[in-house]
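Given the structure of chain F, go ahead and fit chain Z onto it with the hints provided.
Protein chains: 2
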Amino acid sequence: MSEDLGITVKRDKDMSEWYQQVVLKAEFADYSSVKGSIVIRYWGQAIWEAIHDFWDPIMKSHGVKNHYFPLLIPEGLLKKEAKHFEGFTPEVAWVTMAGKNQLEERLAVRPTSETIMYEMFSKWIKSHRDLPFRANQWCNILRWETKMTKPFLRGREFLWHEAHTVHKDKKGADEETKWAIDGYARIAEELLAMPVIRGRKTDSDKFAGADYTYAIEALMPDGKALQMGTSHMLGQNFSKPYDVKFVGVDEKWHHAWQTSWGFSTRAIGGLILAHGDNKGAIIPPSVAPVQVVIVPIIFKKTDEDVLSKCKEVEIRLQNSGIRVELDDRDEYTAGWKFNHWEVRGVPLRLEIGPRDIKEKKAVLVRRDSGEKSEVSDMYVEQAVQEGLAEIQAELFSRGKKNLEENTVVTESLEDLKKAIKGKKWARVPHCGEEACENALAEKVEGGPRVIPFEQEAVHNNKCINCDKKAAYWVYWGRSY
Amino acid sequence: MSEDLGITVKRDKDMSEWYQQVVLKAEFADYSSVKGSIVIRYWGQAIWEAIHDFWDPIMKSHGVKNHYFPLLIPEGLLKKEAKHFEGFTPEVAWVTMAGKNQLEERLAVRPTSETIMYEMFSKWIKSHRDLPFRANQWCNILRWETKMTKPFLRGREFLWHEAHTVHKDKKGADEETKWAIDGYARIAEELLAMPVIRGRKTDSDKFAGADYTYAIEALMPDGKALQMGTSHMLGQNFSKPYDVKFVGVDEKWHHAWQTSWGFSTRAIGGLILAHGDNKGAIIPPSVAPVQVVIVPIIFKKTDEDVLSKCKEVEIRLQNSGIRVELDDRDEYTAGWKFNHWEVRGVPLRLEIGPRDIKEKKAVLVRRDSGEKSEVSDMYVEQAVQEGLAEIQAELFSRGKKNLEENTVVTESLEDLKKAIKGKKWARVPHCGEEACENALAEKVEGGPRVIPFEQEAVHNNKCINCDKKAAYWVYWGRSY
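So the protein sequences, as listed, match chains F and Z. At the far end of the first sequence sits residue 480, using my numbering, and the numbering has no gaps. At the far end of the second sequence sits residue 480, using my numbering, and the numbering has no gaps.
Hints in this document: simulated from the structure, not taken from any laboratory. Just so it is clear, the structure is predicted and the values come from calculations on it, not from any experiment. Check before you lean on any hint, since a few could be wrong.
Note: identical chains are not told apart, hence a pair may lie in one copy or across any two.
Claimed, not checked - Below, computed lysine-lysine pairings styled on DSBU-like, alpha-carbon distance capped at 30 Å:
| id | residue 1 | residue 2 |
| --- | --- | --- |
| 1 | Lys83 | Lys126 |
| 2 | Lys100 | Lys206 |
| 3 | Lys309 | Lys361 |
| 4 | Lys35 | Lys147 |
| 5 | Lys337 | Lys252 |
| 6 | Lys423 | Lys400 |
| 7 | Lys60 | Lys309 |
| 8 | Lys60 | Lys279 |
This is chain F alone, in the form it adopts within the complex:
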């Protein structure tokens, strides 16, 4: 395989360069002439569609209804919640002209849609009978990153879904915030085969305008954490300035309780980082655009039997609901095709040659382990289905192992430093005070990632940085 097509750097040597090569060469995405914005190519977009197709029906059966809200938000509207505006305004792209005319008020390209949605909610919601109310949109988002961008992981434009819910009391909103983060953990674990830690962000890291933020965090093989989805309890912070209120059973007006939660194309980058190897990507079967590729092994131009057998098997696999592609291009060798599909991370390869036909079998090759096995022609569908299930499970268990092996639990500052240097993260006791958190960040690289829902008792522990009593255990580490 030419250097041009294969991955030329080892993943452990330079993960950043490796990642970039995989994204480009496997055609997940490409750079555009718009600085900081990528083009999501078919191979990446198909994964996003798989996430949509998994999650959209779950949301719908939970009572979420899809809407579409305007892209542009008048500055005056964005300003109504002060902390929110302050948090987002450095990243906002502004439309100031239309045609040849200067606009009277500049319009923000949505960095998130709380403000434009809640103005409408305020019109639509009147009674406790309208609650809970749940609206969602699948859309594009612009945030003018000034840091180094990285395809999928950090860019000026991304795709996401954002759901916004309204409840009559705190309890309803609290439960919703939790429901959403549990759902995101299902996307990560069941669909993307990425084990995650669920928990709460420390106050310094919560969403601008939220009471608290829940997040799921995955640990990448280079020891950096990746935040994959967030769910915000907004309390009444928006319902007051945006006037989202309802008449309760008591016939009085009340300000509503709200949540918002989102999951973005960032997950595609996470998936590539988490599962890939030196040969390229490995895509979990559940979301792989192609789950199995059939490569005909042809020696002579006259081996027509091979092609017709391959076509037969393709149709049989399609009929079993498997996403299959037959690579019957005649301009490439079988070896070239093996590499082509390995870089792209297709979970299974099925090779069929003249000898296989004679012996009524095929050769099945796993992308994750390279393991080859002979399967009887009669049971190809079953073998492929089993292979896909095994790879899905294996990727998750590799992730689990990575997480376990690279998590240090310690109360010692020295051990924390050692962990970070050793490309791990650590679970440490902390007093929960922001000043102390900042002081710790001066001493140790990284920052607080997430306060896990699952907590050991901390009543006997002191904060890792100060003498105070610990308030919680928190994951500390570097991040994407």
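Then chain Z, alone, in the frame of chain F:
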């Protein structure tokens, strides 16, 4: 029913006011504080999703692959094809600032994506083996309308899909342009129950930068035409400035031939206009978010049997793949609910009361005709399925009748004028010259809508406006 919820104007009296009331009261959409932009509410968005779910797999089996391209297009890139830039620049919204910084080059919010896509195609396409190449995206579009906006029909932001294809010769691109418009006619006729005329736009009306544009046009009940989808043969007009070329079998470089085609949320407006009546919307069963609503008829609080029977029927209908909603809200009367769902255009209503349970039946009411029938409990699923199919067919045949009755075929200028005054459109012979077309537009309201693919012979006809020989028959009329 209170005036607030029902439609208070007759459709024939003031279609514009009627339309606005239906859009708002049936909750298809709402006005936002962003002038000229609407919020698409659940009831409208669900129709857009139904269109997506019908059309996306058809495109995919045709070889189209979904991508996502950046929202913002640098001015310099947009400018490369002069006619295209000239055509779109009056409607472009410009991003000129990000955070606190003035941008060096202003960025257009995409009014369409030819330019940003073709820059990438130029990188990706190298050989005749890469062709045909077909990329699509589902996305939002901004065009700064200065005319009066109307929800769905004309607005500053809309959703659409845009497919862009690349071919090695003119023949391939010609065929693709035709394939797409035929597909759009299927969406309109099979899914939305709207008969359309397929044809070519006159040169004055074609897409900025195209060799020719195909369109489907539907005739609304007020005699105005609605353009519902367009397919553009771009020739080599873009492949030259954007450098989309390939090495042919002859081992030489050739500029490619291209097409682009799009279908937008405008169709939702068309559907409302086409099928509604004085009571509100009538949604074709194929795209109705709710196909049948069950309304329990409860006289006493103790009629619990009724509710449990309704729930049983709801589940049975769900299991038959029918989109059903049980309206079991206890704060509203049955009559209120009838109106509520009639305004929204739900095709079928199923009423179940205590007497129905005793007699093992239910009452089925059609939204299109108001017709009531008793159906045996045993055959509810079948009756609903048949009812839905009949309504779908009936709506299409009403549309067909509207089209036939309101199309005048004439060679006389006076008859054309009369037709337009009488809220019809006309098929007339024309010489095909732009100056003559403009002269005709001075004399008769409206303009050329579409040159139908199906043409009668014109060798004996003179142009309706000048003495020259007619080149084709063209539909002439007012439009949305």
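Original post:
When no copy is specified for Lys423 and Lys400, does a C-alpha distance of 30 Å or less occur within a copy, between copies, both, or neither?
Top reply: within (16 Å within a copy, 69 Å between copies)
Original post:
What label fits Lys337 with Lys252 when the C-alpha limit is 30 Å: within, between, both, or neither?
Top reply: between (69 Å within a copy, 26 Å between copies)
**OP:** Could you figure out if Lys100 and Lys206 sit no more than 30 Å apart (CA to CA) within one copy, between two copies, both or neither?
**Re:** Classified as between; 23 Å across copies, 40 Å inside a copy.
Original post:
Quick one: Lys309 to Lys361, C-alpha cut-off 30 Å, is that within a copy, between copies, both, or neither?
Top reply: For Lys309 and Lys361, the Cα distance is within 30 Å only inside one copy (11 Å; across copies 55 Å).
Subject >> Lys60 and Lys279: within-copy, between-copy, both or neither at 30 Å Cα >> reply: Between copies only: 29 Å across, 39 Å inside.
Original post:
Between Lys35 and Lys147, at a C-alpha cutoff of 30 Å, which is it: within one copy, between copies, both, or neither?
Top reply: Within one copy only: 12 Å inside, 34 Å across.
**OP:** At 30 Å max between alpha carbons, let me know whether Lys83 reaches Lys126 within a copy, between copies, both or neither.
**Re:** within (26 Å within a copy, 50 Å between copies)
Subject >> Same-copy or cross-copy closeness of Lys60 to Lys309 [CA-CA at most 30 Å] >> reply: The answer is between: 24 Å across copies meets 30 Å, while 42 Å in one copy does not.
The structure is consistent with each of the numbered hints, conforming to all of them.
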